[in-house]
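**Student:** One-letter residues, chain by chain:
Protein chains: 2
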Amino acid sequence: MNIITISREFGSGGRELGKRIADLLEYDYYDREIITAIAKQKGLDEGYVEKALENRTWQTMPLTYRQSFAGMNRMQSTQMNLLVAQKQVIEGIAKAGRDCVIVGRNADALLADRKPFSIFVCAGMDAKIRRCMERAGNGEGLSRREIENNIRSIDRSRAKTREMISGGKWGDCGTYHLTINTTDWNIRELAPAVAEFASRWFGR
Amino acid sequence: MNIITISREFGSGGRELGKRIADLLEYDYYDREIITAIAKQKGLDEGYVEKALENRTWQTMPLTYRQSFAGMNRMQSTQMNLLVAQKQVIEGIAKAGRDCVIVGRNADALLADRKPFSIFVCAGMDAKIRRCMERAGNGEGLSRREIENNIRSIDRSRAKTREMISGGKWGDCGTYHLTINTTDWNIRELAPAVAEFASRWFGR
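Sequences listed follow chains G and P, in order.
Once you know that position 201 of the first sequence is 201 in my numbering, the rest is easy, because the numbers rise by one and skip nothing.
Once you know that position 70 of the second sequence is 70 in my numbering, the rest is easy, because the numbers rise by one and skip nothing.
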């Protein structure tokens with residue numbers, strides 16, 4: 001069973017890259033599907049699950065609190081429950097035993113014992129802002145500065161979650177097998193290059 | 001003209017990777033050849049040139065001194081002269097117009113206007129120590145700790161030189177097109193994967 005995990009800076013095109021790689025290699029693809037599965041399992045609204053997992057209030061709690069669930073308010077406790085559910089869903093995907101691409105959610109750390117091929121996708125800030133503006137139809141009326149602040153805030157959040165889950169440093173090249181800078185690439189042209197590289201990895 | 005540059009952590013196998021990529025793509029290969037050219041141009045011993053460029057005393061000087069050559073002692077002044085010569089040699093290679101792989105010496109920054117495909121090669125510390133011990137026939141009698149200290153010291157030096165030459169951050173994924181972690185690879189198997197990836201880049 002081959003698992004490819006993709007961690008990415010917000011706006012780097014990592015999600016599109018993951019989808020295209022899955023299509024090229026005929027692998028299953030998981031991204032939003034994980035949120036859907038958690039929502040179903042917990043009987044919660046998908047939008048709520050997504051927001052709760054993105055929210056950073058729990059990240060600032062001392063680690064001892066996080067581990068024991070003691071001293072948490074209701075929202076923090078819900079968030080921890082959702083993180084646990086997310087872990088179970090991702091482990092369930094792996095247990096199914098089908099080749100797959102999983103985008104985000106620290107799947108590389110959660111599935112480390114299954115030796116996924118782990119990719120980190122980054123890009124220059126200008127390229128990320130451009131991508132965000134294109135994707136949202138000119139950035140939902142946000143200014144360039146506001147988009148940049150959003151990107152930085154989301155990436156800080158991802159880095160903190162990563163640190164809590166694995167101790168490994170988010171975005172550090174030693175944490176992943178391959179780190180790709182998409183700044184000067186068209187994702188459509190990049191995807192076959194990465195798919196070939198991953199095939200070499202699994203075939204070695 | 002296609003230029004591939006390889007920056008690497010000491011012991012990561014970046015040099016072997018560069019050589020193998022050059023062989024596979026039938027590109028020229030430059031590494032030690034640059035030292036040889038500088039030595040020839042300056043009428044100096046190769047070993048001396050290499051040591052002088054590795055020496056870090058000049059890195060600690062204030063930048064204004066470095067730029068003006070004022071206030072330098074003789075050794076520091078020699079080192080700055082050699083850095084300038086190195087830049088000229090690398091620009092000369094690019095001017096020759098032949099496809100090539102250049103290992104180290106911040107060639108990606110020096111040749112930025114020629115848009116090289118820039119690779120950074122890293123590896124976990126254990127893998128780097130193992131590689132150093134194999135290469136030197138059990139580490140030239142050095143202890144594991146001494147080898148690790150050497151690796152850290154050489155990489156700190158590379159990071160500082162990088163910072164002085166380009167301002168860009170050595171080892172930061174945003175600085176390179178592709179960052180490869182060689183920890184779980186055999187370089188012989190990795191090389192074709194990287195050569196294919198680079199060919200996709202130049203063909204896009």
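Worth flagging that the hints you see were computed from the coordinates, not collected in a lab.
As the structure is a prediction and not an experimental result, all values here were calculated from the model.
The beta carbon of each residue, even a glycine, is placed where N, CA and C say it ideally should be.
Among the clues, some could well be false.
[Claimed, not checked] Quick list of simulated restraints, FRET-style, between CB atoms:
id, chain 1, residue 1, chain 2, residue 2, range
1, G, P192, P, N73, 51 to 57 Å
2, G, K40, P, K160, 50 to 56 Å
3, G, Q88, P, E91, 29 to 35 Å
4, P, D184, G, P192, 55 to 61 Å
5, G, E163, P, S166, 25 to 31 Å
6, G, L24, P, Q88, 40 to 46 Å
7, P, G168, G, N73, 39 to 45 Å
8, P, D99, G, K95, 33 to 39 Å
9, G, D184, P, E91, 21 to 27 Å
10, G, T36, P, P192, 35 to 41 Å
11, G, N149, P, R204, 29 to 35 Å
12, P, G47, G, L24, 21 to 27 Å
13, G, G92, P, P192, 32 to 38 Å
**Student:** Cβ-Cβ distance between G47 (chain P) and L24 (chain G): within 21 to 27 Å?
**Tutor:** 50 Å, violated
**Student:** If you check the beta carbons of K40 (chain G) and K160 (chain P), does the distance land in 50 to 56 Å?
**Tutor:** 53 Å, holds
**Student:** Could you see if the CB distance from N149 (chain G) to R204 (chain P) stays within 29 to 35 Å?
**Tutor:** 32 Å, holds
**Student:** Using the C-beta atoms of D184 (chain G) and E91 (chain P), is the stated range 21 to 27 Å upheld?
**Tutor:** The hinted range 21 to 27 Å holds for D184 (chain G) and E91 (chain P), with Cβ atoms some 22 Å apart.
**Student:** Do the beta carbons of D99 (chain P) and K95 (chain G) sit within 33 to 39 Å of each other?
**Tutor:** 47 Å, violated
**Student:** If you check the beta carbons of T36 (chain G) and P192 (chain P), does the distance land in 35 to 41 Å?
**Tutor:** 39 Å, holds
**Student:** Range first: 29 to 35 Å. Now tell me if the beta carbons of Q88 (chain G) and E91 (chain P) are that far apart.
**Tutor:** About 57 Å separates the Cβ atoms of Q88 (chain G) and E91 (chain P), which means 29 to 35 Å is violated.
**Student:** Is 32 to 38 Å a correct range for the gap between the Cβ atoms of G92 (chain G) and P192 (chain P)?
**Tutor:** Between G92 (chain G) and P192 (chain P), where Cβ atoms are some 35 Å apart, the hint holds.
**Student:** Determine whether the Cβ-Cβ distance between P192 (chain G) and N73 (chain P) falls within the hinted range of 51 to 57 Å.
**Tutor:** 54 Å, holds
**Student:** Regarding E163 (chain G) and S166 (chain P), is the given constraint of 25 to 31 Å on their beta-carbon distance met?
**Tutor:** 29 Å, holds
**Student:** Is it true that L24 (chain G) and Q88 (chain P) lie within 40 to 46 Å of each other by Cβ?
**Tutor:** For L24 (chain G) and Q88 (chain P) the Cβ distance comes to about 44 Å; the hint holds.
**Student:** Do G168 (chain P) and N73 (chain G) keep their Cβ atoms within the hinted range of 39 to 45 Å?
**Tutor:** Given a distance of about 44 Å, which is inside 39 to 45 Å, the answer is holds.
Hints 3, 4, 8, 12 from the list above are not met by this structure, while the remaining hints are.
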